[in-house]
Structures are given as structure tokens and as C-alpha cells.
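Colleague: Next come the chains, spelled out residue by residue.
Number of protein chains: 2
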Amino acid sequence: MEKSIKKFRNMIKEKRMIDSMLAILQWDLETQTPKGGYKLISEMIGELSLKSYNLTTSKEVLDTIKKLKESLNKIDPIIKKEIDFLEEEIEKLKVIPPEEYKMYSELTAKAQGVWEVAREDNNFEKFAPVLEEIFSFNKKFIEYRKLDSDIYSTILNDYEKGMNVSKLDLFFDGLKKEIVPFLKEINEKKRNFSDKLSFTSSKLEQEKFSKEILRYIGFDLERGILSESAHPFTLTVNKDDVRLTTRYFEELPFSSVFSTIHEGGHGIYEQGVAEELKETMLADGSSMGIHESQSRFYENIIGRSREFWYGLLDRSKDKYKSLSTLSLDEVYKGINEVTPSLIRVEADELTYSLHIMVRYEIEKGILSGEYEIKDLPKIWNEKMYEYLGVVPENDKEGVLQDVHWSCGLIGYFPSYALGNVYSIQILNAMKKQMNVEGVLERGELNKIKIWLNENIHKHGKSKSPNEIMLSVTGEELNPDYYITYLKEKYTNIYD
Amino acid sequence: MEKSIKKFRNMIKEKRMIDSMLAILQWDLETQTPKGGYKLISEMIGELSLKSYNLTTSKEVLDTIKKLKESLNKIDPIIKKEIDFLEEEIEKLKVIPPEEYKMYSELTAKAQGVWEVAREDNNFEKFAPVLEEIFSFNKKFIEYRKLDSDIYSTILNDYEKGMNVSKLDLFFDGLKKEIVPFLKEINEKKRNFSDKLSFTSSKLEQEKFSKEILRYIGFDLERGILSESAHPFTLTVNKDDVRLTTRYFEELPFSSVFSTIHEGGHGIYEQGVAEELKETMLADGSSMGIHESQSRFYENIIGRSREFWYGLLDRSKDKYKSLSTLSLDEVYKGINEVTPSLIRVEADELTYSLHIMVRYEIEKGILSGEYEIKDLPKIWNEKMYEYLGVVPENDKEGVLQDVHWSCGLIGYFPSYALGNVYSIQILNAMKKQMNVEGVLERGELNKIKIWLNENIHKHGKSKSPNEIMLSVTGEELNPDYYITYLKEKYTNIYD
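From first to last, the protein sequence lines stand for chains A and B.
FYI, the numbering for the first sequence is 1 to 495, going by the numbering used here.
FYI, the numbering for the second sequence is 1 to 495, going by the numbering used here.
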């Protein structure tokens, strides 16, 4: 028994080490690899992925699990959960031929370079063939599992246990009914709040400010770094090495601020997982939706609140010349102006989930066979016009804007919308125990971090999204609060 | 036979891929890993090093070599050379217990973090225990080989075939006799040439200029990157992904220029290896001495020449405000001022090899048992005073300045001095075939790159240092030219 546990721990340690190496390679690829290096690093990723596949599906792992399960009632609850997750993973992997798994890993590694070039050149056709391949691999891998549910629902459930197409349809229908008309009302009130924020700030100044904000909200820069990439993301090597990226536009200084806070939210989650879970299968976040609830919590609920800027502005004015002329009201209204725009990561809170809806419907359409890859730019633009009233002039501002599909992250986008919904429910729970506004005004961001650490972060993957929501808020996912929150906030700002 | 060759090729490919992964991890560690990440990445390096060890010394590799050697006359000369190098490597490795090899790899990975902290804190005592361990591992690994030559000579020969203590003693004695008194003469003429170069330039401006210079000398930024680190270095993932670092001091703008050109010289070498050697054991440079001949060639012979700046200044003045007020003569004399100083990488050409002499004598003394680690700061300072007439005020500017020992690179330093000597011999050969001054004045740096590519770079490791020197210059290593060059150049400048 003890021998089996030791064996299991060693296997998981090895598995996690491979994942960490993959994380370093991925990081390198997305932040700095020169063009000439794409090929070799993609091959390395392919090799390591295959190694991870072989380890996970090995007879040794299966035998060890079997042995441990023989005396399941005696083993540690952490190991029990780990076995559950491992078995789930094995179920998914074992049906995929190893060579296909390797090919797919190499493909998604290479695809990022292809996407970057296509995006730079504003040319969807360059990206279409790999995107086609990525979608068809994803489809095939699900089909191998021979499940009863439709393909997209299976994918959604993989990201967020219990999620499926009909639940999300219901959610997005609610948005269409409530938010699309509300957005039109707001839009008619045309205000130019954000004019005040359109000044120039050097990359260096923005970088310094970004790091200052990270420290301010509680991200530990001794156990993480902030770097730069075409598309901001967070990547975890382990909880003591959590890496964020942001991006800097000299003419749009607040863009980096919100990208940084968003990724900072992910990063604080990862850094906050309990030490005893560090080398286990439970060291990650509970789900992508819960993960996005943390990033969106920091970005919107904290970062776009008046109280946060009340606490931060005074501290920063001396150090960042660009801020010195702005009043609190100018900042608050400026960062909350509602402008149906083209780029998701720059979107305001009100329009954000509509961007997700566009992606959700497209993924659903491709996987069901309704849409073809080659028509995506057209479909994208039509949907943008329908929900947001704007049309991209080119693919860079349209269908090529997001990194996700090139990484193989099909079915990920709804996590952002779920994250928005969760985040409001979490805020309501937090407010019952803490004077959130006061804490923000006094700059006591640490109190918020500790609350989230205790209630959410430290549990890692040991609690399911539902378990977390139930224990924190007493309720499961409930989109009503989100819609109410949006209407109240923006009615206030625009009245 | 064909089967054996295929097997051999696959093994070497796998071996090189492990090396490339190690390179990425090393790069990460030295340029960006946060403190929290040192531990895990060191462990990864340990794991991969062990894997490389196991592969290299495996029965399979030995058997394949044996098979190939049975029909040695029929096989490709490239494979023949590869087998030679592989056998040499196996000879060195097989005597080391695998666990010790892994421990040493982890140690040197961790030691870099320790060195950085010790250096920041100006505290040699923090570094001394790991340095002690590194030296004793190196000593032990040589002793395992049970060779006749003394330890340091074995190490020197590993870096540069044919090198040993008595040859280097002779070389450094020459320097002592010729350069130390010449330096005193020059010093008495006190000129403040470099005053003109002490202006301030932002990191961003320096970074742009560094990249401009790299392009100008012919480093391909599509197949490489320039980044930043505490100690400049070059690292090759493969010939299409060659990574350089430099460092920026806002008050010393020419420091980054010469670090960048130096590393650029290494980088051009690596990028210039013939395509057919790419996945072979011969893809690296011939030796560390030849490698340094290329970096020092670019840094000094090109970068510190009047003609280079004649060609570059006009092109750059518009773009880099800081340069616009400088005349050619001011730049030329400024960058060639002789000032016995504390930091090797900032040293002028004349004093440079004296810095190497300090390190050479210390390594020799430790390995022979004459010196103890704990006394190094004192010994360092005494030797600096003896040869250069200056004494560091603290260890950061003294014994803690170089990264090499923390990486386990004991015996590397003499390569710089050999590189200096080689580079002058190469210059003399080049001058017979090309109007070097004219080429530099006209900014035709590509001609120089092509000449070096053809004569040196493309051969990779397939020619020994001696073979290269004989084919390029008709002579073996000969320090006389170097001493003559230095005396002529500085007599001219100072008269």
C-alpha cells in the first residue's frame, strides 16, 4: 500500500514535471522564439506531449491506480480525487492513437506561428488550413470517445463540468433579450467619457505602472513575472513560477492596465493554491470558468470600480506623470464608457459577453457542420453587426484577433461568460462578509486576496465549480445577478 | 549498415533535442525565471542532463558505434568525425556515476541563482560554498579519468585540443614581459578620450541601436533574438534559433554596444554552420578558443576600428540622438582609451588579456591546491593590483563579476585570450584577400561575414582549431602577432 502510494506520487511528480517543461516551451514560443526556432520547439512540444501521453496511459499507471483502488477507503482524500481526475484523463487519451496525439500537439504549437503571421498580414486564408485541421482533430478526438452527447456539449463539459449547449443557449438567449436592447439604449446616450484617457504613455512607463498594479493587487513578483506578447495570457510553471503577459499600446495606455489586472487575477489564483497540493493533480484551478471568474473579478469588479481608483490614484500620481491631470471621476467614467467595439480584450463590461456570444455561435456552427471554416470572416462580421452594431474592416480586428483557436482551445470562450456570471455571485457573497468598497478605498487589496485565497484559490482543483459556488455563495451558477449588476452599474453611470 | 546509420542518426537527433531543451531551460533561468522558479527549473535541468547522460552512455549507442566502426572505410566522413567526438564524450562520462552527474547539473543550475544573489548583495561568502562544490566536482570528474596529465591541463585540453598549463604559462609570461610594462608607459600619458562618451542614453534607445548594429554586422534576427541579462552571453538552441543577451547601463551607453557586438560575433558563427551539419554532432563551433576568436574579432578588430565607425556613424546619427554630437575621432579614441579597470567585459583591448591572466592563475592555484576558495577575494585583489594597478572596492567588482564559475565553466577563461590571439592571425589572413578597411568604410559588413562563413563558420566542429588555423592562416597559434598588433595600435592612438 505504502509502496503503491510512493509509486503513484513519483508518477504524478514526473507527469507534472513534463507539464512544467511544456509550459516553459509554450512560454518561450509565445513570448520570444524567433521565427527560425518555431520548427524545433514545435517538435520538442510534440515529443514531450507524446511522453506525457505514454506516461499517463501506461500499464504502470493503470496498475498502480488499480492497486490503490483496492483499499480506497484507507487512502488520503487528495489521492482519491487525483485518481478521479487521472482516470478521466486516461478515458479521454486512451482512445486517441499516440501518433495522432503527437501530431496534434505539434500542430497547435506550429499554428501559433501561423496565426501570428496571418494576423500581422491581415490574411485569414493563411490561417484557414491549420484552423480546419485543428477543428477536425478536436472533432475526431471527441468522436473516438463514442459518447451520447453532441460534440460541442462534450467539449463544454470537459472545460466546465455540467455545462452543455442547451444551458449555454439559454444563457445567451437571456443576454440577447436583456443586454442587446439595453446596449442600444445606452448607445443612444452617446457620451465621450473616454476622451480624457486618450493620451500617450511610453511603453516603459506603462510597464512600470503594470508592475506597480500587480504588486498593489497582491500578485507576488518573486514567484512570477510579467512579460509581453501579442495576446495577453497567463501560464503556470508551478505555483511558485506563474507567468503573465500583457501588451502595450502607446496611444491606449489603459489597455495594458486592464490586460495586466485580468492576467493578475489568474496569477493570484494560481499562486494561491495550497502548498500541499503543489505536486498533485489538484494544483490547478477548479475549472476554466472559475479561473475566468477570478480574472474578471479583478479586471472588472475591482479594476473598473470607482473605489479602486480612489485608492490607487493618489499613490500613483507622483510616479506616473500621465495620470497626474486626471480626476477620479474622469478615470472612472473613462474606463467604463460603453462602446461597442471590435476587440474582445478591450471591450467594456457591458458588451464583453456579446463578443463571447459571437465566438460561441461560431464554434457551435462549425462543430455541427452548419458553418465552413472558409466562411468564418463573413459569418464573424455578420454576427458582430447583429449583436454589437459594428463591423471589422479587416480580419486582424475580426476573426483573427484571438489566440485561442490556434492553441486548440475550442470551447474555451464560454468560460469568460461563465466567469463574468460567477464573479458577480462571488462579489455578492464577499459583500456580506466585508465592506468591499471601504477596503478598496483604503487600498487594502490584501484583504480581498486573502478572502479569495481562503474561499477559492487554496482548494485548487479539489473542489468542483459547483462545490465552490455552493460553499461560497450558497447557490449554483445563476445569470440573473449578472444581468442585474450590468443594468444597475451602467444605468448609474449613464444617468 | 544502412540500418545502423539510420539508428545512429536517430540517436544523435534525440541527443541534440535534449541539448536544445536544456538550452531553452538555461536561457529561461538566466534571463527571466522568477526566484520562486529556480528550484523546479534546476530539477528539470538535472532530469534532462541525466537523460542525456543515459542516452550517451547507453549500450545501444555503444553497439551502434561498434557496428559502424566495422565498416569505417565505407561511411561518410561526417559520421566518422561524429563517432570520434561521441567516443570522447563517452570516455569522459562513463567514469562518472550517473547520480553524481545529475547532482552536478542541478548544482550548476542552482548556483547561478546563488551567484546572482551573492553578487547583488556584494557577499562572496554566500557564493563560496557552492563554488567550493563546483570546483571539487570538476576535480573529481577529471580524477575519475585517471590520466597522466595534471588536472588543469586536462581541463584546458578539453576546451582546446592541444592546450596545457605549460603552453599557457609561456603565453602569459610573454604578456607579463611585454604588455604589463607597455601598459605602464601608456598609462603615464593620461588622456581623457572617453569623456566624450559619457552621456546618458535610455535603455530603449540602446536596445534599438544594439539591434541595428546586429543587423548591420550580419546577425540574422529572424533566426535569433537579443535579450537582456546580468552577464551577456550567447546560447544556441539550434542554428536557426541563436540567442544573445546584452546589458544596458544608461550612463555607459557604449558598454551595451560592445557586449552586443561581442555576442553578435558568437551568434554569427553559430548561424553560419553549414546546413548539413545542423542535426549532427558537428553543429557547434570548433572550440571555445575559435569561438572567442570570432566574438573578439567582431568586438575589437571590427567594432573598435576607425573604419567601422566611419561606415556606421553617418547611418546612425539621424536615428540616435546621442550620437549626433560626436565626431569620428571622438568615437574612435573614446572607445579605445586604455584604462586599467575592474570589470573584464568592459576592458579595453590592451588590458583585456591581463584580466584573463588573473582568472587563469586563480583556477590553476585552486586546482593544484595552492589556493583556498575562502581566500579568493584577497587573492583576486592582489593580482588585480599587480597586473593592472587597480583594486576592487567590493566583490561585485571583483571576484563575483563573472558568471562562468557558477555555470561550472572552469578552464573557459583562457579561451578569451586564445581568441584574441587567433583573431589577429585571422585578420592578417583576411587582409591578404580583402581590403578590410575599405569594406568597413563602405559598410559592406556582409563581405566579412561571408569570408568568415566560408573559411571558419560553415565547418562547425568538423575541423579542429589547429586545422582551421592552418588552413586559414598557414600557421598554428602564434601570440607574437597579437603582441605586435596591440603595441602598434596603442602607440598610434597615444602618440
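Worth flagging that the hints you see were computed from the coordinates, not collected in a lab.
Heads up, some of the hints might be wrong.
[What the hints assert, rightly or not] Taking CB as the label site, the calculated pair distances span:
1) B/K66 x A/K458: 53 to 59 angstroms
2) B/L55 x A/S198: 41 to 47 angstroms
3) B/K211 x A/N122: 23 to 29 angstroms
4) B/S471 x A/R215: 21 to 27 angstroms
5) B/Y144 x A/N10: 48 to 54 angstroms
6) B/S198 x A/N10: 53 to 59 angstroms
7) B/E88 x A/R215: 33 to 39 angstroms
8) B/K278 x A/N54: 25 to 31 angstroms
9) A/N10 x B/N428: 25 to 31 angstroms
10) B/E88 x A/K278: 48 to 54 angstroms
11) A/I5 x B/A23: 33 to 39 angstroms
12) B/S324 x A/S198: 30 to 36 angstroms
13) A/G369 x B/K321: 43 to 49 angstroms
14) B/A23 x A/E250: 42 to 48 angstroms
Using N, Cα and C, we set each Cβ at its ideal position, and we do this for glycine too.
Colleague: Are the hints correct? Go through all of them and say.
Modeller: Here's how the hints hold up against the structure:
1. About 57 angstroms separates the C-beta atoms of B/K66 and A/K458, a value consistent with the hinted range of 53 to 59 angstroms.
2. At roughly 57 angstroms, the beta-carbon separation of B/L55 and A/S198 lies outside the given 41 to 47 angstroms, and the hint is violated.
3. In this structure, B/K211 and A/N122 meet the distance hint of 23 to 29 angstroms, their C-beta atoms being roughly 25 angstroms apart.
4. Separated by about 58 angstroms at the C-beta atoms, B/S471 and A/R215 break the suggested range of 21 to 27 angstroms.
5. For the pair B/Y144 and A/N10, the supplied restraint of 48 to 54 angstroms is violated, since their beta-carbon distance comes to about 29 angstroms.
6. As the Cβ distance of B/S198 to A/N10 is approximately 58 angstroms, the hint placing it in 53 to 59 angstroms holds.
7. Our hint of 33 to 39 angstroms for B/E88 and A/R215 is violated, since their Cβ atoms are close to 51 angstroms apart.
8. Under the hint 25 to 31 angstroms, the C-beta atoms of B/K278 and A/N54, about 27 angstroms apart, fit the expected range.
9. Between A/N10 and B/N428 the Cβ separation comes to about 60 angstroms, which falls outside the hinted range of 25 to 31 angstroms.
10. For B/E88 and A/K278, the Cβ-Cβ distance of about 41 angstroms falls outside the hinted range of 48 to 54 angstroms, so the restraint is violated.
11. For the pair A/I5 and B/A23, the beta carbons lie near 36 angstroms from each other, so the given range of 33 to 39 angstroms is met.
12. B/S324 and A/S198 have their C-beta atoms about 32 angstroms apart, which keeps the hinted 30 to 36 angstroms range intact.
13. Our hint of 43 to 49 angstroms for A/G369 and B/K321 is violated, since their Cβ atoms are close to 60 angstroms apart.
14. Separated by about 34 angstroms at the C-beta atoms, B/A23 and A/E250 break the suggested range of 42 to 48 angstroms.
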